[in-house]
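K.L.:
This is what each chain is made of:
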Amino acid sequence: MSKYKHKQGKSNASNLKAQIRQWWWLFLLPVVAAFLIGFVWPFIQGIYLSFCSFKTTSDATLIGFGNYGRALSDPTFVHSFWYSALFAVTSLIFINIPAFAVAYALTQDIKFSNLYRTVFFMPNLIGGIVLGYIWSMIFDGILSHYNTSILLNSTYGFWGLIILICWQQIGYMMIIYIAGLQAIPTDMLEAAEIDGATKAQTLFRVIIPNVMPSITICMFLSITNGFKLFDQNLALTAGQPFIMNPDGTTIKTTEMLALNIFNTFYNSNAASRGTAQAKAVLFFILVAAIGLVQLQFTRKREVQQ
Amino acid sequence: MNFKKVFASLLTAAMLVGCGASTGGTAGTTTEGGDSEGKVYFLNFKPELDETLQGLAKTYTEKTGVDVKVVTAASGTYSQTLTAEMDKSTKPTLFIIGNQAGVKEWSDYAIDLTGTEIANELNTDAYNLYDESGKLVSIGYCFECYGIIVNPDLLEKAGHSLDEIKNFETLKTVVEDIHSRAAELGFDAFSSSDMDSSSSWRFTGHLANLEYFYEEKAAGKTWTECPAELTGEFVGNYKNLYDLIINNSLTDPKDLATGGHDAENEFKTGQAAFFVNGSWEYAAVSETVPNARMIPYYCGVEGEEKAGLNCGTENCWAVNSKVSEADQKATIDFMVWLVSDPEAAGQMVEQLGVLPYKNAPESKNGFLADAAKYTEDGCYVMDWATNYQPNVDEYRAGLVAALNQYNADQSDANWANVETAFVQGWATQYAAVNN
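Residue numbers (the numbering used here), protein chains in the order written: chain A, 1 to 305; chain B, 306 to 740.
Hints were generated in silico from the structure; no laboratory data involved. Every residue gets a Cβ at the ideal spot worked out from N, C-alpha and C, and that includes glycine. Misleading hints may appear alongside valid ones.
What the hints assert, rightly or not - Here's a subset of chain A near chain B, in silico, CB distances under 10 Å, partners left out:
#1 Asn-15
#2 Ser-53
#3 Lys-55
#4 Tyr-133
#5 Phe-242
Unchecked claim - Pairwise CB distance ranges (calculated):
#6 B:Ala-389 x A:Tyr-116: 41 to 47 Å
#7 A:Ile-138 x B:Gly-439: 52 to 58 Å
#8 B:Ala-718 x A:Asp-59: 45 to 51 Å
#9 B:Ala-431 x A:Asp-59: 31 to 37 Å
Isolated chain B (complex conformation) (with noise of 0.2 Å):
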């Protein structure tokens, strides 16, 4: 009977718990303001970030006495948490719009931003999406680049350097040079590529971007919207430089389909010379491979030798237009402090690399600075082609299945399926997305 008593008490209060978490969320933290004042509730979809911006958001409404309440997304479920909290009373008022499927998918719940304090703190166009009307959705708060991240003492310790990799020719002696002497240098070429949901998109996103990029640069454009279909064409050297990861590595390509390896964590430790992944890896491992440096996706396109780092972005806000003005305006308000104020600014920056705001302090990410050095070199930057992916995680879970098949056996017809996900599924999920 007592342990009843007890445990319908626990229950209760753990429903009212329950209750007060929910509903209550900054009701906490509420200084003054109230609603006239406006409220900012920020929808971020970068976990990583998540830290520093509940400290920021704690800092700003001790100043101003403004509500801010900040929710992050977990990994890859961003979506799904949008479209739920969209959904509610309390709407976020500032979210991510991050690439074209998103401006189609949520125009109608962003302001125009043109013209706005925000708009005007901007040093570049550059990263801003825009919809068919010429509406300005949303605008980049940061820039990052992704490409090979290389630990220069490993590739000295093995009698090469980073000088000698030019181009896929010169990457592939050196990385075959060292998985053939992995035993006796204690380290090898490449950490794991996993193909569970925590790592694929490094493959089936950014990679895949190589083929996008130099089919762009084929045609002499810079797409602006989704094409209705791929040529295909370079194909064959994602597939070059592909092999080369998944052949060259601490993991066997037939251990990759479930995953379970921590790439990060082989490269921070020494364990691998090469890791593809981007510049918000800087933070985590230039704690111990404080030399460490990006190069570009190198894959056998002729005149590669002048090829730089894939910049660009999927960090870009969003202003509710469903939220009372107020709200907007307090929002405008918050991102405008978060990307001049010293203080906030400083961190933000040091989280997330750039910020293309004219008063946002310099960064010291390593891997921006070798992106900015490749452009200064005269190299081509390779542009973020990848965000045009149709209905993206479709498309990728395809790319992903073919690949996982290819890995457990590299056959010619295992190779012609992923060719198939990558080139024919495109216009399948461009048509799926467009009818």
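Chain A with its partners taken away, still in its complex shape (with noise of 0.2 Å):
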């Protein structure tokens, strides 16, 4: 009886097996089709489109190369550019060091570790726009006391943004590493404390490496994060201040590139929407030229466990 029913059981399973094998497209296709409709098919339509003149997306003519020749003619673009890169490695060092520090000392017997946990990663469930916003009144409120403002001077406005990126990406990044720290396997760890290491040799030779694969997405996550901001640049300085050029052209010192882009698709000019994409298409070749960069960089400094 007992051996008929294992055999009726395996063949169940066996038929299961056939039949994902026969409809396994189907449970695929929702997330392909969303993949395809949000992702592939925009990405294609808005190469394209860098190629075109255009007011509407859906009436676009061809003209060939002239957007990119405009797009990197264009000085802010390249100023833009820098200044992204500029914050972007910043923003990689002043949030990874403390998510680390944050996530190491929330995995040691701490009480209510959870909790902090909780208040950490709270930051990160509040809109860029809203809190672009709220900490423009922090800072004012301080400056204003030093007769300044953060909109008054590109220092303030850079570190103020750095500020923010951290206040917000911190607990975020802290998650990840806390994942990661919780995956060491604490035989390991015991074997160190056994063979008299300090805490110090611990931490560098078998915790670090042993998180390096979260290091490599955490670095990955920032650096691209911090390449792409949009609504924390838009809400806390717009691009102020500007330098105002003797002939009327202006620098934004605070601009970076995803603001660049977005303020020359809504420029008056005809040619700016297809400067603007090209400019698009340049952003995402140079975003994800830096992101792979990385992680191949990283990735040759993970361990196998």
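If you follow the hints, you should be able to join the two separate chains into one complex; please do so.
P.N.:
What follows is the structure in structure tokens.
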């Protein structure tokens, strides 16, 4: 009897396997469709539009490489690229070191560590625009005592953005680091302790090499987030202060790449939308390239457990 | 497990509701009609008009069975919303082309309104916009005025009267006197002039108009297209009035950059006697300051005793050329109803001031009455030359940035930057748009 039951169960399982083999594509379909509609198609259309002159995307005429020429010869685009690069690197450091430190502290035996984790994570739940306006009030509340404002000094603007992004992202990266830290086999840590390793040695020789996958992903996220930053930039400084050139052109000292693309798109020039689109394609290539280089670099340092 | 199930079904429900909302829209209000009858989709740009329009749309649908959908773009995002909506299969049938930059940008998407029923309802051609070929691209549906709103009761409390103010000198005397005695009086001269995006347009758009207007006047002509450059002859006059406003106000000029003050409320609650704004504020302001009046931008120009208010409009309707003829017809019918039906036009007038249409009721807007009074007295109307600002968002952003620096430190060097943003900025943006 029991043998028979077992047999039946087995045949059921193989039946199910066969069915899955036949119908797997049906289960993939929703995700693939969403990916195609929400990502692949707009992406291809975006590339096509970067070669067009258009007002609305459904009504575009092909013009060739002119948009790329205009994008690359735009000094504000170049300025915003370097500014974003500086921002991305600085934020990478100022997010990841504290995030790791907090994660490390909260994986030790402390009371209420779950509560602390929640508290640190919460800023991440607030939208960028709202954060930008809240922080602009906080910064100006302080800076007005010194007769200045976040909008008047590009150094304050830069560090204001860094503080804002740290406040928002440290908690998020912390969660990833906590997951990495908890995945370290305890026997490894015990072995280190028995062998007489100091706390620092354990940290640098055992823990960090073991959380390298988390470091890779956190660095990737913070560097690409740094380049892609938009809403916080718009709400906190909107590019101010400007340097006013004698010929009436301006350099928006705290304008980052995404905001530059946005501002270009809504310029009144007939060619501006195509130019903005070309900038967006260049932007994608840049962020993808930088992200991939960074992934390669940190992956090499990952260890197998 | 149970929690997961509940969560999953909640999410699904949310998604379904979301889909319904985005595609449904007016589906609920459709009665008869259908596609062959034509539909109206009005992309409105005045948030303060939204409530009235939603109500009127409903009434119109009930009366005629024609589907009317009104969507209002959030303040300051009209151009983004319009661009996105124009790309959809259900495009706006009725939208706003409010100035020459808009004509340049959207003229291809607008039908020629010459000789249409709605054009025949107009009682003036003054607020219409034409493109280079002479096509009537958009027609004004209301006109407005702006200047300095005054609380005459507070002036009297301070021992002055509105009649004293005849020009910049007399305005300055009154304003500076009130400001110097603010603590004793319990109110100040000007309400705050914040430089954040919800308020800066009052100074980079409206107040700047005095410079453009006096340039026009000095040259003896009215602009019909955006000039390639400004002479900047009257920037000093702009400075006169601007300085007076920021230095005699409730708020220290150093605190204006990120905003956060409510100028309208300051004026309404009697904390300030002057408020730089326009006729659309009348409904709100007259609730608590029924005697509120509006005076011109006195700025120290010779002969300004004869100045009137800044009158014009950016409220101009265009009908989409890329929708079906049935939709265009339905849209024009709806427009005619809005400006001629006693009830609908009555509500429109209440919200907007004056409707320049034959069958629209008279306005009760006190500020527009002031504007008419100035004209009757033989004063010159300051037209809205500011509508020609090239690449307007960028141009104004440059001005705001320069004014922020100046507000924090009123040095000559910082004013020189404002002047550069004002004058050279114009030429730069003109070139940026037209190259």
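K.L.:
Next step is simple, just say for each hint if it's right about the structure.
P.N.:
Evaluation of the provided hints:
1. Asn-15: 26 Å, violated
2. Ser-53: 13 Å, violated
3. Lys-55: Where the cut-off is 10 Å and the nearest Cβ of chain B is about 7 Å from Lys-55 (chain A), the hint holds.
4. Tyr-133: Holds, because the Cβ-Cβ distance from Tyr-133 (chain A) to chain B comes to roughly 9 Å (cut-off 10 Å).
5. Phe-242: 4 Å, holds
6. B:Ala-389 x A:Tyr-116: 41 to 47 Å: 42 Å, holds
7. A:Ile-138 x B:Gly-439: 52 to 58 Å: 54 Å, holds
8. B:Ala-718 x A:Asp-59: 45 to 51 Å: 47 Å, holds
9. B:Ala-431 x A:Asp-59: 31 to 37 Å: 32 Å, holds
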